[in-house]
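Enquirer: With the hints as constraints, model all of the structure from the sequences given.
The residues making up each chain are set out below.
Number of protein chains: 2
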Amino acid sequence: MLYDLNEKHKYYSLYKRIRQDVLSGKLKWGDKLPSKRALAQELSVSVITVQTAYEQLLAEGYVIAKERSGYFVAKVNVGPSAAEQALPEKKTDSKRSYKLDLVKGSAPANMFPFSVWAKLMRGVLSDCGEHLLERVPCDGDYELKSAICAYLYRARGIQTCPEYVIIGAGAEYLYGVIVQLLGRDNTFAVENPGYEKIASSYRLNGAKCTFVSVKNNGVDFNEVVNSNANVLHISPSHQFPTGAVTPAESRAELIAWAQAGRYIVEDDYDSEFRLSGKPLQCMQSLCPERVIYMNTFSKTLAPSMRMGYMVLPPKLYKKYMQIFGHSASVVPLFEQKTLAKFISEGYFERHINRLKNHYKGVRANLINLIEKRFSGVQIRDTGSGLHFTVTAKNAGSDEQIKKQAELVGVRIKCLSDYLQVPISGYSNTAVINYSGVTEEQLKNI
Amino acid sequence: MLYDLNEKHKYYSLYKRIRQDVLSGKLKWGDKLPSKRALAQELSVSVITVQTAYEQLLAEGYVIAKERSGYFVAKVNVGPSAAEQALPEKKTDSKRSYKLDLVKGSAPANMFPFSVWAKLMRGVLSDCGEHLLERVPCDGDYELKSAICAYLYRARGIQTCPEYVIIGAGAEYLYGVIVQLLGRDNTFAVENPGYEKIASSYRLNGAKCTFVSVKNNGVDFNEVVNSNANVLHISPSHQFPTGAVTPAESRAELIAWAQAGRYIVEDDYDSEFRLSGKPLQCMQSLCPERVIYMNTFSKTLAPSMRMGYMVLPPKLYKKYMQIFGHSASVVPLFEQKTLAKFISEGYFERHINRLKNHYKGVRANLINLIEKRFSGVQIRDTGSGLHFTVTAKNAGSDEQIKKQAELVGVRIKCLSDYLQVPISGYSNTAVINYSGVTEEQLKNI
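In order, the protein sequence lines correspond to chains A and B.
Plus 26 on top of the position in the first sequence (first one is 1) and you've got the working numbering.
Plus 26 on top of the position in the second sequence (first one is 1) and you've got the working numbering.
Subject to a maximum C-alpha distance of 20 Å in a straight line, what follows is the list of computed EDC-like cross-link-like pairs (lysine to aspartate or glutamate): (1) K58(B) with E68(B); (2) K130(B) with E160(A); (3) K241(A) with E279(A); (4) K386(B) with E375(B); (5) K42(B) with E160(A); (6) K58(A) with E68(A); (7) K42(A) with E160(B); (8) K58(A) with E81(A); (9) K58(A) with E93(A); (10) K428(B) with E397(B); (11) K345(A) with E315(A); (12) K145(B) with E81(A); (13) K36(B) with E160(A); (14) K92(A) with E371(B); (15) K36(A) with D153(B); (16) K36(A) with E156(B); (17) K241(A) with D407(A); (18) K145(A) with E160(B); (19) K36(B) with E156(A); (20) K145(A) with D153(B); (21) K42(B) with D153(A).
These are computed hints drawn from the structure, not numbers from a lab.
Expert: What follows is the structure in C-alpha cells.
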C-alpha cells in the first residue's frame, strides 16, 4: 500500500485513497488492511493519522473491525454494474494530461487565500451561532446582497439597491430562475459561437432558444431583430469565445430593441479581468428596467463556489418575490455570510488584483511565445478577460491546428468548436483560454 | 436606543437591530449613533460588543465614521420605493402571534444539537482544508451519498448503492430536477388535498399537473388510471394533510400501474416520525426500477438546511449523469461533509429519537386536550408523522372552525384549505400539525 499523500491533509488523503481502492475493487471483500502501526511506518505518518482514516472508513461502512484481529474490507454493495458506475465523477474528469490546457481551467488553486477564507468561516460560526439555522429569504442574505451591491457600485458603477440583488446557486441555477421568471413561452436569443451551457440550460428549463451570430462588434443586430426573440443573452463586455466587445453604438441599438417590452440578460462573467484600460460601462446602467445583470464567483474565487447573483429590474423583482417569496434560498447562510465578509472586508478586491497581476504576466508571456514561434498569425486581444484568439489563415483545417498543438502537449479549441449551429467565417482561429495557466507551465513549453 | 439583545450573540443582534432601523428609516441619514461607551452602558454589554457591531455596519456602508466625532448613519440607497421594498422577507414573515400555531412550524430550534453541528463544522474545516474548494460532482459528495445510503438501509430497509443517491438543494430543487429528468411532456398526477408547493413547483418547471383525490387508503386508484398521467407523486407512508397511509394492496396496484413505463415519486417527507408501530416498507423497495424515492432534512434538522436527496432507478441515474454529468453540485461541499459526519457518527439518529420522544409527548397532550374539551369529535391519527386530523360533524363551516380556534389563540387550517381543485367530502375536518409545538405552549392553552 504505497500511497503518496497530500502533505497538508494526510488523514483525508489516505481515507480517500483506500476508499477508492475498495470501490474500484482493488481491495476486495474480506481483504485485511495493514495494521495501523505498520501502515504508519510504511507511509511515514503518525499512527493517529492512519487511525483517523480507518475510523472514517469504518463509520462509512467500507471496512469492518474485528476485535483483536484488525480491519477488513466490508462487503460494499456498489450496485449491479459497479465497475461502470462506481465514482462516476472520475469518468468525466479523466483527461489526458497536457503540458498546457488552453481550453478548461480556473484560477490556480494556490492563489485562493484559503487561510483567510477559513478564518472568516470560523468567525462566522462563532459570531452567528444558531442564527445560521435561520431560514434565508429566497433572494439571499441581506448582508451579502448589500456587500455585492456596494461592490458593484465600486467596480462596475452599477447603482442599485441591495433588494434587487438576487443570490443563487451558480450561473446554471440562475438561468433556470430567469426562465421561470420570464416564462417559457419566450424565445431566448443566444450568442453563436458561445458557451454551450447557456443554451442548454435554457432549453433544459423548457425555453426555446435561437442563435444570433457574433461579429467583431458583438451580436449581429439584424439577426437579433429578425430572430423574433424577446430575450437576448449576451456578454457585451467580453464575449466568449470571440473576445468581441460591444461598442457604445451597438449597445444603444440593443437597448432600444429591448425597450419595446423585451429583456437583455447581461452576462458579465469575466469583467473583473479587464487587464488594460478602463472597465466598460454595463448595459444594466443604461437601462436598469430592461437589463438583467448577472455574474458568478466561479471565475474569481473557485469553481466549487456555487454562488452567483443577478440584479433584477424593479418590476421583475416584484414578480420574483411573488413567485419565490415563500421559498427559501438554496444557498446556505454560512457560505453567504462568509462571502459577505470576504467582500466587505476588502479581501475580494485584493484577491482580484493579485489574480489580475498574475494573468497579466501569463498573457504577456503567451503572446510573446506565440509571436516568436508562429509568423503570419493574427492575435486578437481586446484587453479583457481570460482569453484571446489567434487566427492563422494558412494553417490548414481547424482539426490540423488542434492536432499540431496536441503534438507539443498543448490543448486548444477553435472558434468553430463553439458554434452552436454551423455558420461560416469562423475557421482557422484558435481560442487561447489562459485562466488555468501557471507561470511554471509556460516555462516548460 | 433600547434593544433587547439575544443573549448568545449580542454583537450580531445589535448589528441587525441597528441595520434594520437604518433601512426602515427610523435612523436617518446623518443621525449620530451613541458613543460606544454610552451604548455599552445603556445595554449592559461590553464596549467590544458595540464596537464589533459598529465595525460591521461601517464595513457594509450603513454608517460612516468621522475621526474624533463618532459614527453617523450613511446615505443608504434603498431604491425608489424603499419603504415598500426594504427587507421584503419581513413581509412574508409577518404573522399574528398565536399561542399555538398548528399550521406551520418546524422542530423547536433549541432541540437541534447545534454545538455538535458546530464541532463537526470546525472538524471538517481543519480536516479537509483546501479540499473544500474542490468541485463536487453533480450528484453530490460520495461520503454523504454513502452515509445516506447506509442510513436508508438501517432506517427504511432500502437497499441501494451510494451512486443512485442524488443530493440536491432541498425538495423544490429536486422537483425541478425530476421534471428535467423525466421531461416536460409528462403529466404529473399530484395528491388532492395536498401541499400546494408540490404542484406549483412542477408547474413552475413547465410540467403539466393533474390532481387525484386522496381517500382513507391513499390516492384513488381509478382516478390515477383515468388521469392519463405518467408520473404519480405520492406520500404513501403518511399523506399530508389527510394522514392517509396507503395499504399494501393499493401499493401493489400502483406499482403494477407504474410498471407499464410510468414512474412513481415516493415523497417520504416525514417517515422518520412514525410514532407508534413499525415503520412501513417503502414503495421504492417493491420496485426500484419505477420508483424515485425522495426525502429532505428540513423536517428533521432545520428548515434552513437546504439539503434533500432522491434515490433514482438505475436507468434514470444513467440519464441523470448524461444530462447533468458536466455540472457541479449546487450544495457546498462543506455542508455535505458536515451532514455526512452528522449521520455516520450516529448524531442524526440520536437526534431523531429525541425528537420522536418530544413529539410523542406533544401528540398525547394534544389528543388529551381535544378529547377533554370537545365531545363528538373524531380524531384520526395513523401513528405516523407530525399531524393528525379532527373531524367535527356538527361544527358548522370550516371558516367557523378556524375562527373559533383563532378566538382562543390557536391557528389551524382545515382539509379543505389544502384542496388544489375543489372536490366534496373534505369539510368539517381540522388538520392538527404539531411539528412546531412546544410543551410550554400546551401548558398555556
